[in-house]
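A.B. asks: Sequences are here, hints too, so could you generate the full structure?
Taken in sequence, the protein lines are chains A and B.
Under my numbering, think of the first position of the first sequence as 124, with each following residue one higher.
Under my numbering, think of the first position of the second sequence as 106, with each following residue one higher.
One or more hints might be untrue.
Beyond 10 Å from chain B on every Cβ pair, some chain A residues (computed) [said to hold, decoys possible]: (1) Leu130; (2) Asn133; (3) Tyr153; (4) Ile154; (5) Ile322; (6) Lys365; (7) Ile386.
Below are the DSSO-like pairs computed for lysine-lysine, each with C-alpha atoms no more than 30 Å apart in a straight line [claimed, not checked]: (8) A:Lys217 x B:Lys122; (9) A:Lys306 x B:Lys127; (10) B:Lys122 x A:Lys218; (11) A:Lys299 x B:Lys237; (12) B:Lys127 x A:Lys217.
Pulled from the structure, derived: some chain A residues nowhere near chain B, Cβ distances all over 10 Å [unchecked claim]: (13) Tyr170; (14) Tyr185; (15) Leu186; (16) Val205; (17) Ala224; (18) Ser237; (19) Asn303; (20) Leu390.
If you're looking for bench data, these hints aren't it; they were derived computationally from the structure.
The C-beta atom is built at its ideal place from N, Cα and C for all residues, glycine as well.
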Amino acid sequence: MNKKLDLFKNISLWPVVIYSFVLILLPLLYILFLSFCETDYVGGINYHFSIVNYLTIIDSTYLLIFAKSALIGIITTLICLVIAYPFAIFLMDKKEEVRNALIKLVMIPFLTNSLIRTYGWIVLLRKNGIINNGLTSLNIIKEPLSLMYNNIGIIIGMVYTLLPFMILPVYAAVNKLDPNLIKAAKDLGANKFHVFKDIIFKETISGAFNGSLMVFIPAIGYFFISDILGGGKQMIIGNLIKDQFLTARNWPFGSAISIFLIIVTFLLVRVYKKIGGNIDELGGM
Amino acid sequence: MKRVLVELKNLSKKFGKEHVIKDLNLDIYEGEFLTLLGPSGCGKTTILRMISGLEKVTSGKVIIDGKDVTDIVPAKREVNTIFQNFALFPHMTVWDNIDFGLKMHKVPRTEADKRIKDAINLVKLKGFENRKPDELSGGQQQRVAIARGIVLNHKVLLLDESLASLDLKLKREMQIELKKIQKQLGITFIYVTHDQDEALTMSDRIAIINNGTVEQIDTPENIYRKPHTKFVADFIGEANILTGKITKVSENEAVVSLPDNMDLTIDNKNYQVGEEKTVVIRPECFDISSIESLDSFKGVVKEYIYDGMITKLIVQKDNTELRINLMDASSFKEGSDVYLKVPKKYIIVLGDKNE
Ligand SMILES: Nc1ncnc2c1ncn2[C@@H]1O[C@H](COP(=O)(O)OP(=O)(O)O)[C@@H](O)[C@H]1O
Ligand SMILES: [Mg+2]
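C.D. replies: Rendered as structure tokens:
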């Protein structure tokens, strides 16, 4: 009886194992392998061991792009946090149906292609777009604002696209919170600010960190947003990698940057662990 | 005269259409241990939350120490709550949990440290200051919750089923200790429970709550010996509750005739012949004998249940079952005839006004 069940479990797991191996692990290993090769500068690859790609990363021009990209990522992450928490707290004492309905609304954008949704923003953000026209006709501003083809455009696009990835983990963490903790804090004299800072935020820090990773990593990688709303002038790490693979045809260097990003991600998780975070709460990160 | 510290005036609470607390009035004295006792769902927690401010009142007033606090937020009320599940902050150590309220009230550091140390000593948690709540046993968590609640020196502590999650032995210990802490600090405890033993052991007074109103408020002894209503008699301890009619009155005595030919002599308190009366007889109040005597009535032992300290008998008197508890019941076997009497001082007649 049990043996049969075990057999069934084994068989049913195989597709997942094969999927992970073929579509995740193999490409990753290939990228790792490539990152230690060299380009032959005409789009081909010299298959001999070299760390020149990693040395190039430390080059100051690339570091500058990394720093700017990281800044955009951090700002995007912070804005998402600032929106996600009030939303999650607002939902806390609502009825289950209300909560579920609103969370579904958050997920609706997933149903359409993010590239198309990003193009949609052009209509809103451009010089004579809906926002600028609205604000000028209401006499709030005289000159149209530059809302796109710059960093502002990228950040708006990133926040819009990535917000659900922040809201879901933050909401999940806040929703799990024992409401009595908040009552106890109020009972002991805490005002709203302290209830948030000392109890809600500290207790849900894993959700916040989880969401931050899920926002920050794409926010330095989603090149199409930077292409469309940054006008291609504003490089983020994602553009850099894409260019290496598609334009410069330097696959080994592109691979090295990708591996570098993966290492950064792992380092962030390590930092989180160092400051006392619980890895289990991150959900298999 | 004792000073009233907490006053609930015509307090009502509705959740939507459900009328949970109905025009409740309650005066709670300074320094007393008052227990709100009642079945689950009768509204005890709701009353407590309206005192702490964690639940808004629908109508009525909450007055603490002479001040109307009905519209004041919990943080500004001079009461603290110990929650049913303790609600300790998981990411903080024992010390930080106790410190939290002091920080919120901006108590100067040296003063705060001293108060935390005193509180930790009082609840016997020395050496555990740096543990997190999940590194403590249930009893220790309970102690942290108490320390956190008393460290602000507020005059009232609200406790919601605080001992419910502890095992029986620990519960007994904590009952005695809670009472000791309360006496030592001289503050008012308002304690909520559905456990009558707990209420009888710890309280100075018990308020029996039924269906959102106070059914009776009295000392534990009076609640047990002189219940005013069927509900109170039934809820506290075991009781034989029987309804009959007054059939005879003389100057000092009256006879109440219960079903199945049980005639009991009681003190006459202006009863009229024909008046319907409900009497309550506690199981330990019977005189039981295997020999017939004057005024005794006969029954048959139907069940014999040995329960350690006492033995419980169920005696069948025609169609009525009577519960009788005895210290020594070895001479009454199942199926044997017994003769019962009830001394009139042990017969509780409901509806009598307070003597
Ligand atoms: N927040 C709430 N919303 C709706 N109904 C509630 C709420 N809190 C309590 N009630 C209802 O009020 C009644 C009394 O609850 P409660 O005060 O918790 O009782 P107790 O503590 O005596 O068990 C119950 O019927 C309960 O369902
Ligand atoms: Mg309750």
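A.B. asks: If you test the structure against every hint from before, which numbers come out violated?
C.D. replies: Violated: hints 5, 19.
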